[in-house]
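A.B. asks: Chains as they are written, first to last, in this note's numbering: chain R, 1 to 327; chain W, 1001 to 1327.
Think of the hints as simulated: they come from the structure by calculation, not from any bench.
Keep in mind that this is a model prediction, so the values were computed, not measured.
Even glycine gets a Cβ: it sits at the ideal position worked out from N, Cα and C.
Don't take each hint at face value.
Cut-off 27 Å, straight-line C-alpha distance, at most; resulting in silico cross-link-like pairs (DSS-like, lysine-lysine) [stated by the list, open to error]:
# : chain 1 : residue 1 : chain 2 : residue 2
1 : W       : K1109     : R       : K294
2 : W       : K1218     : W       : K1072
3 : W       : K1152     : W       : K1109
4 : W       : K1218     : R       : K218
5 : W       : K1109     : W       : K1082
6 : R       : K72       : R       : K218
If you want a taste of the chain R side facing chain W, the calculated C-beta under 10 Å gives, among others [unchecked claim]:
#  : residue
7  : V185
8  : S193
9  : D202
10 : V203
11 : I204
12 : T210
13 : T211
14 : L212
15 : G245
16 : D262
17 : Q268
18 : G269
19 : A271
20 : S275
Protein chains: 2
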Amino acid sequence: MLSRVLLLLAGIALATLCQAADDPLPAWRDGPGKQRILDFVRDISTPGSSGYVTPSARIAVFDDDGTLWPEKPGPQALFALKGLREREAEHPEWRTQMPFMAALRLDSKYLQEAPDDAVFQLLAVAYAGRTQEAFRSEAREFIGNARHPRFKQPWARLAYTPMRELLAWLRANGFHNFVVSAGSVDIARILASEAYGISSDDVIGSSVVTTLRDEDGKPVLRRLASVHALNDGPVKTLSIDQHIGQRPILAVGNVRSGGDIDMLRYSQGSAGSRSLQVLIKHDDFERDHIYDEKNRASLDAANANGWMVVSMRHDWRQIFAFQADAQ
Amino acid sequence: MLSRVLLLLAGIALATLCQAADDPLPAWRDGPGKQRILDFVRDISTPGSSGYVTPSARIAVFDDDGTLWPEKPGPQALFALKGLREREAEHPEWRTQMPFMAALRLDSKYLQEAPDDAVFQLLAVAYAGRTQEAFRSEAREFIGNARHPRFKQPWARLAYTPMRELLAWLRANGFHNFVVSAGSVDIARILASEAYGISSDDVIGSSVVTTLRDEDGKPVLRRLASVHALNDGPVKTLSIDQHIGQRPILAVGNVRSGGDIDMLRYSQGSAGSRSLQVLIKHDDFERDHIYDEKNRASLDAANANGWMVVSMRHDWRQIFAFQADAQ
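Modelling step: build the complete structure from the supplied sequences, incorporating the hints.
C.D. replies: Structure representation (structure tokens):
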């Protein structure tokens, strides 16, 4: 009798384990949204299925700030502020000039609400003259030591668990994942690598103008204060076409600025291929942040085009690895 | 007695096979040049060796026209000419305007000697107004059907065998290979994929300005006649930094225009890492083409900086897969 009970219990334990092992997205709550992702990826990657797509065309693009990790504030804003502070004395004009004045006076309060182009301009000016190599190693060190003001965690630990699962599962199914950031490409590369293991050439982002100079007989790249490209809105589509040379079939962004609408629309236009567009909604006050979009353009576009909208509060069982599960 | 001879013969055959299997670059003739490549790659990729480099930093960049396949003429020039011919009637001004006049009158004779920027400008103008998708599929079809005027082979079969071996062996040793072309990125992508299996996002090149338009409710990218970036000379360094975000440790280019000098110099400046620069010299009249560089700047830079110079005539046992071996 006892042995039969033990066998039964062992059977149940095994069945549970198998179920968990079968679920590639355990941090996503079961429901129609999760099912839509599962169906899409299986259809795309199963030979013979109606939606089968050859591996070389399985391109997925992800916004980063607010989609792969929290954006209020992002590390770029904090790193820009550090650079401004260090050069404040040399630039008395910043005391009366926007957006420098606001950044230096209001600090992270301003930077949390500032538009992406203003933050990137601050970063460009704050580090003008640095070599690319010096800028990258300084940013890497800063990001390694910085803690998120609310979560008190290093930035690399702020990867959203459901997105880590999704990226890993896509990779296992032959997808090539790219990060398409409105922020500095150099900073996005550091975080994408540390939090997601994504290599630097798979990250597209905003950039400053650089010059190639001969210094002591060596070629050196130095950053100028001018913005080369602000990779937001329609520019994301142009840069995807330029960098990848193929139209993505999966695009993921988030609700806040409307900066991902064009990229999601572009991915939907794939000729003859099924595609999926996902929009993350920041509606979890307790575990993340809560914010919306003033003109609701992203959600309106989602409704009009049949995109999937993810509620962080309802659709994500776990948000960060360091938080306890909220089953 | 017979059996002993057979055993001996079998032994010799086996030893020869093993030697061939041990040589990752059989199309390269043995000598100091080949040895330098072998030593470099083994040193970089052997854990514990003095020059060991972590896999994520094993970045290799290759020029394409004249380095991976013949460039006199390249398919870009022939495809530009096709587009010009098709629109000649709409543009009577081309009959008296350079470089259109020269291209239309002198045909491939002009295009064979024309500077890279003129050829790219012709291509930009010839296909202005096309969608990116239409341009790419038209170029793919053209390249699939075209034959090299001298070798009478499809372009995809014009891959240099020694470079195929080198790229494959680098990949097997954890290197990430990129193509950095002065030609159209779209055309370079087609050839890199068909001749070398290199994916489109691993190709950097010249590009035209594109616009994102809404057409019948769909986002469409259309090409304009203006050049966005001519990816040659110092621009190759800037685009490598922008696209890859890391300094390569191996760079390969060829003697003709001097357009690869900056890229090779840049790869040599890696802090704390061994690097290798290779320059291909077109000195094989019988099997390829023979040409030099007017001011000898590439060879002078090779001498001054200790770069490896490859003589196609002496260092390559085989050039194309379709040619008989010249042992």
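A.B. asks: Check whether the Cα positions of K1152(W) and K1109(W) lie no farther apart than 27 Å.
C.D. replies: OK: K1152(W) and K1109(W) at ~17 Å, within 27 Å.
A.B. asks: Between the alpha carbons of K1218(W) and K218(R), is the straight-line distance 27 Å or under?
C.D. replies: violated (48 Å)
A.B. asks: Could you check if V185(R) really has its C-beta closer than 10 Å to a C-beta on chain W?
C.D. replies: Cβ of V185(R) sits 7 Å from chain W, so the hint holds.
A.B. asks: Would the hint linking K1218(W) and K1072(W) be met if the CA-CA limit is 27 Å?
C.D. replies: violated (40 Å)
A.B. asks: With a cut-off of 10 Å, does the beta carbon of Q268(R) approach a beta carbon of chain W closely enough for the hint to hold?
C.D. replies: holds (8 Å)
A.B. asks: Was the hint right that S193(R) lines chain W, CB cutoff 10 Å?
C.D. replies: holds (8 Å)
A.B. asks: Against the 27 Å threshold, does the CA-CA distance of K1109(W) and K1082(W) hold or violate the hint?
C.D. replies: Distance of about 14 Å is within 27 Å: holds.
A.B. asks: So, G269(R) near chain W? Judge it on the closest CB pair being under 10 Å.
C.D. replies: holds (5 Å)
A.B. asks: Holds or violated: G245(R) as interface residue toward chain W, Cβ cutoff 10 Å?
C.D. replies: holds (4 Å)
A.B. asks: Does the interface hint hold: is D202(R) within less than 10 Å of chain W, judged Cβ to Cβ?
C.D. replies: Holds, because the Cβ-Cβ distance from D202(R) to chain W comes to roughly 8 Å (cut-off 10 Å).
A.B. asks: Hint A271(R) vs chain W: min CB-CB distance below 10 Å?
C.D. replies: holds (7 Å)
A.B. asks: Per the CB criterion, is S275(R) less than 10 Å away from chain W?
C.D. replies: Hint on S275(R): violated, closest Cβ of chain W at ~12 Å, above 10 Å.
Violated hints, in rising order: 1, 2, 4, 6 and 20; the structure is consistent with all others.
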